[in-house]
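Enquirer: Each residue of the sequence shown is one higher than the one before, counting from 3 in our numbering.
Derived by calculation from the structure, the hints in this document are not laboratory data.
For clarity, every value in this text was computed on a predicted model and none was experimentally measured.
Each hint should be verified, as a subset may be incorrect.
Label pairs and their calculated CB-CB ranges [what the hints assert, rightly or not]:
{"#": "1", "residue 1": "271", "residue 2": "420", "range": "53 to 59 angstroms"}
{"#": "2", "residue 1": "56", "residue 2": "420", "range": "43 to 49 angstroms"}
{"#": "3", "residue 1": "638", "residue 2": "538", "range": "25 to 31 angstroms"}
{"#": "4", "residue 1": "451", "residue 2": "346", "range": "18 to 24 angstroms"}
Listed below are the simulated DMTMM-like cross-link pairs for lysine to aspartate or glutamate, each with C-alpha atoms no more than 25 angstroms apart in a straight line [said to hold, decoys possible]:
{"#": "5", "residue 1": "282", "residue 2": "228"}
{"#": "6", "residue 1": "154", "residue 2": "103"}
{"#": "7", "residue 1": "124", "residue 2": "92"}
All C-beta atoms in this analysis are idealised placements derived from N, C-alpha and C, irrespective of residue type, glycine included.
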Amino acid sequence: MTESEAWMETPNGRETGPQDVAGPALHGPLWLALIAAALIGCVIAATSLLVTNLWDDGTADRARELENLAVTLSEQTARAFQSVGLIQDDLITHVRERDIETRAQLTDAMSTEDVHSRLREKISGLPFIDAVTVIDQTGQLLNFSRYWPIPKVNVSDRDYFLALEGMKGPDIFLSEPVPNRGSGTVTIYLAKRFANSSGRFLGLVLGAMEQSYFERFYGGIRLGHDGMIALIRSDGALLARHPGSAGVPPRDSAVRARTAAAVFGTGQMTQLPAGTLDEKARIAAVHPVSDLPLAVVVSDSVAALDILMWQRATPLIVAAGLLCLTIVLVAWGLGRHLRDERAFAVTQHAMARIDMLTGLPNRLAFAERLSALLNARGGATPFALLYLDLDYFKAVNDTLGHDAGDTMLTELAERIRTMLGPDDFSARLGGDEFAVVLAGVTHEAEATEFAQRLIEGLRTPVHIGLHRIISGCSIGIVMSPRDGAGVAELLKNADLALYRAKTDGRGIARVFVEEMERLVRERREMEVDLQTAWRERQFFLLYQPIVEAESGRIAGFEALLRWRHPERGLVNPTSFIPIAEETGLILPLGAWVLTEACAAATAWPDDLFVSVNLSPIQFRGAEAFRQVRSALESSGLAPSRLEVEITESTLLHEGPMVRATLEQFSEEGITVALDDFGTGYSSLGYLRTLSIGRIKVDRSFIEQVETSPQSLAIVRAIIGLARTLGLRCTAEGVETEGQRRLLTTEGCSHLQGYLLGRPGSAEEALRRACASAA
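Construct the complete structure from the given sequences, taking the supplied hints into account.
Expert: Following this line, the structure appears as structure tokens:
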């Protein structure tokens, strides 16, 4: 349901809306949907049960395969180790039968070539045994099946020797895979100790088996893409694995402990977490190797098993999906007729409450929804009401036409809609006015934060044909129930807050306070005073010098409008100029400024110019060019000595009239300066497409140019841009010697500020001009 259709939903019930207009026709689609949902639920439940059973059966089958293979491989592995053990046991029995008690006796008995031949003969038929070695109690080799004579090698540092030499040590030890010191191959050692009749350690007999034997043996088994066979010692050490023993990194004690617990602490089937055998979670069958602290682990990854199960389940799921789709299509076909019946009634009802241009609720719908919200829970439901007014919308209508204005309204309304929460609502109240209610908002800070996001969102340019429009908005905020108990009171107070936002400079939000009524009265008084000031000539001009950065010579003056009120004294231009623009007084006032400034400039040396600020209002129609030409003709000032300053607010709604006026200025030889450069949104495009002769760097950057690397970088970029485009560049607000030196060094052509001269009267400007020319 769209926002325009949902207006009738209220916190404490519903007012008459599309649902009620449709009447009993609502129940047909509802019952069809319930029946279809029930059928689909049954299909899904049955499919889930079948897939679960299929999954369980498939997993059980795979587990049995792994168990059977683990038993077989365990037996084969045990036979390999038993073959080594038989050779070792034969030598140990030989020692015991000869009553050998000392190392010397063992050396005499075991270091003969006959024993060497006997060892070679025993392993000749067992290719998986690399070598058999006899070692005395000092770790020295006594005999070796691989070489004769015996090399002088000591293995007392090996783990198998250290494990067996203690009096209470084990009689058998199985080593981890280590490189053979003779051949370099990775080898697993099975060691058994020699002991005399008192149990004292005399030495050991060592059987060596190449790790690659197990890898080749296990590699011959087909387990699938993610299948794995591993031989693991009881402490978690990994002796062999296929695939990938060679690439297995060293396993620390923590990994071994986890592996031992996972493999030896469970039954025949177990789940191995990722990091046990490799980086994959696995389902594994474990079977111990007879008479040894070993187990064979045959596993498959959980992911591979899942893929296999999904492959088996997919046909069933697809069939269930097709059945559900059939149910949906049948229900949709039956319900379409009922939906068509209610569509006309819903449309007629909504039409009376929808703004047809934007699709938002209109003033009637908004008032109904707001009234319902106020009545909920005795008016105690908190919310914030935002009253929006688009800035400069009238200028768009006047310059680009009503079609462009409608396009702009539609785009901005959609932006408002997308920024709202699920419980918020908005409406177009008429013209360029919108309202937004933020449900559940209790603090001003929340409402102000949302309002600021809304302002930023609406300030993003709107592209209408070849035009790039930036509008923005001003917002008045009221909090309920604090700021009003009824719809009319809330809207009135929101309108007062909006009025304050517009008077404070536009593009901002203001929260209603009681004193705003007084401020509105003062604003109206100022409007009256402005009309009086115009009639009684209370306005006057001051002139601030603009100097050449390199020479320090005055190049011209900027004419600054001032108002001396008989009671208030000097009134800040930022207070009265926006009011003059809104009331239209800026048109005669702007013409007077142009005439006065041009007349004053005629008394200056011929190479000095005068700069005059033009309001965006003066560009409506052909007023700006007519006023400029009239001032030049009446004063006799050369057009090349006049410079007009415009701000980006003039260019934001650039249309054919604005462009034509700027081109006329250029053709007449009048310089156009872009004021407050760097603070707007699209200045670079205007420098390329419009007749701009000078850019003025905003004082906000100059204030921090000595202390802020960011401000310095921006100023450098603007100066460089001006130099590249062949434009003059004026830095405003120069107040320190350091700023002057830095800007001059960076190549800024002109400077303006209190350091170089405060604004003065026409007489003071003439005196300064003559002194600078002398």
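Enquirer: For every hint, state whether the structure bears it out.
Expert: So, going through the hints one by one against the coordinates:
1. Residue 271 and residue 420 have their C-beta atoms about 55 angstroms apart, which keeps the hinted 53 to 59 angstroms range intact.
2. With their beta carbons about 45 angstroms apart, residue 56 and residue 420 fall inside the hinted range of 43 to 49 angstroms.
3. Separation of residue 638 from residue 538 is about 28 angstroms and conforms to the stated range, judged on CB atoms against 25 to 31 angstroms.
4. As the Cβ distance of residue 451 to residue 346 is approximately 43 angstroms, the hint placing it in 18 to 24 angstroms is violated.
5. As the CA atoms of residue 282 and residue 228 are separated by approximately 9 angstroms, the hinted pair is consistent with the 25 angstroms bound.
6. Taken as a hint, the residue 154 and residue 103 pair is honoured in the structure, with Cα atoms around 23 angstroms apart against an allowance of 25 angstroms.
7. About 10 angstroms separates the Cα atoms of residue 124 and residue 92, which keeps this hinted pair within 25 angstroms; it holds.
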